[in-house]
Amino acid sequence: MEVETDIPDDPQEKINSMLERLEDTREKMEIEARIFIEATKQFTLEWIRREMEVTILTLESEPSPDNLGSDNEKLSELKSDLKKLPYRIPDIVEAYINRENYWIHRRGQLQAGISVDYLEFKKEKMRRGLTLSIRMILGCAVEIFGDLNDGKPEDKGWVKEQGKRKYVCFLRFSDEMTASLNRYFERLEELFTLNYEIKEKMSKIGWKKI
Numbered sequence: 015m016e017v018e019t020d021i022p023d024d025p026q027e028k029i030n031s032m033l034e035r036l037e038d039t040r041e042k043m044e045i046e047a048r049i050f051i052e053a054t055k056q057f058t059l060e061w062i063r064r065e066m067e068v069t070i071l072t073l074e075s076e077p078s079p080d081n082l083g084s085d086n087e088k089l090s091e092l093k094s095d096l097k098k099l100p101y102r103i104p105d106i107v108e109a110y111i112n113r114e115n116y117w118i119h120r121r122g123q124l125q126a127g128i129s130v131d132y133l134e135f136k137k138e139k140m141r142r143g144l145t146l147s148i149r150m151i152l153g154c155a156v157e158i159f160g161d162l163n164d165g166k167p168e169d170k171g172w173v174k175e176q177g178k179r180k181y182v183c184f185l186r187f188s189d190e191m192t193a194s195l196n197r198y199f200e201r202l203e204e205l206f207t208l209n210y211e212i213k214e215k216m217s218k219i220g221w222k223k224i
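Going by the working numbering, the sequence shown opens with residue 15, and the numbers climb by one from there.
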């Protein structure tokens with residue numbers, strides 16, 4: 015009879031093997047986190063560029079005779095800012111999205127609970143937090159072109175919250191962002207399950223819990 019050699023018989027070796035799998039899962043989750051962040055940069059860049067191009071087109075096609083000089087100045091500034099977007103957006107996204115409190119795999123200590131309700135709670139909390147941050151990121155766009163609407167950015171779906179503008183209309187992640195976050199959540203389940211199993215085995219043989 016063929017003997018499986020990939021599962022150690024020694025309890026300590028089993029735990030060491032599980033700890034390696036835990037670390038491997040963390041590394042895979044970090045990859046997904048970076049994929050999501052990079053996809054958010056592209057999503058944000060395309061979204062803001064599209065909004066700015068609409069505003070530019072409006073100014074060019076519907077000039078105001080009473081404010082021709084002012085509109086031309088705004089148009090020039092807007093076109094200049096449009097060229098700078100690829101250099102400005104990445105830093106903004108990093109500041110809002112690349113936060114330790116969002117990415118659970120970066121935490122040294124994990125909760126012991128692995129119930130379905132607990133996992134769904136963590137996923138939903140993370141999704142809401144990321145969505146809010148992306149709304150705030152898009153709010154930075156108003157600082158560029160919001161004043162072109164007679165100083166009323168709220169007319170385009172914006173509100174001010176604690177002194178910062180936030181996009182409040184329907185927001186849908188890009189396909190790449192959604193796919194990456196779904197893969198992250200699958201790994202999250204693995205992470206919590208492994209963490210729980212390791213703690214259980216450590217408890218049985220008297221190891222210090224992680």
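Read the hints as simulated data drawn from the structure, not as lab findings. Please note that a few of the clues may not be correct.
Straight line, CA to CA, 30 Å or less: simulated DSBU-like cross-link-like pairs of lysine-lysine [to be verified]:
#	residue 1	residue 2
1	K55	K139
2	K174	K137
3	K98	K213
4	K137	K55
5	K55	K213
6	K136	K180
7	K97	K137
The calculated label-pair distances, taken between Cβ atoms and stated as ranges, are [as the list claims (entries may be wrong)]:
#	residue 1	residue 2	range
8	G171	I128	34 to 42 Å
9	T207	E52	21 to 29 Å
10	P100	R142	42 to 50 Å
Remember, predicted model here, so these are calculated numbers, not experimental data. Using N, Cα and C, we set each Cβ at its ideal position, and we do this for glycine too.
Taking the hints in turn, this is what the structure says about them:
no.: 1; hint: K55 to K139; in the structure: holds (21 Å)
no.: 2; hint: K174 to K137; in the structure: holds (27 Å)
no.: 3; hint: K98 to K213; in the structure: violated (50 Å)
no.: 4; hint: K137 to K55; in the structure: holds (21 Å)
no.: 5; hint: K55 to K213; in the structure: violated (38 Å)
no.: 6; hint: K136 to K180; in the structure: holds (24 Å)
no.: 7; hint: K97 to K137; in the structure: violated (36 Å)
no.: 8; hint: G171 to I128: 34 to 42 Å; in the structure: holds (39 Å)
no.: 9; hint: T207 to E52: 21 to 29 Å; in the structure: holds (28 Å)
no.: 10; hint: P100 to R142: 42 to 50 Å; in the structure: violated (29 Å)
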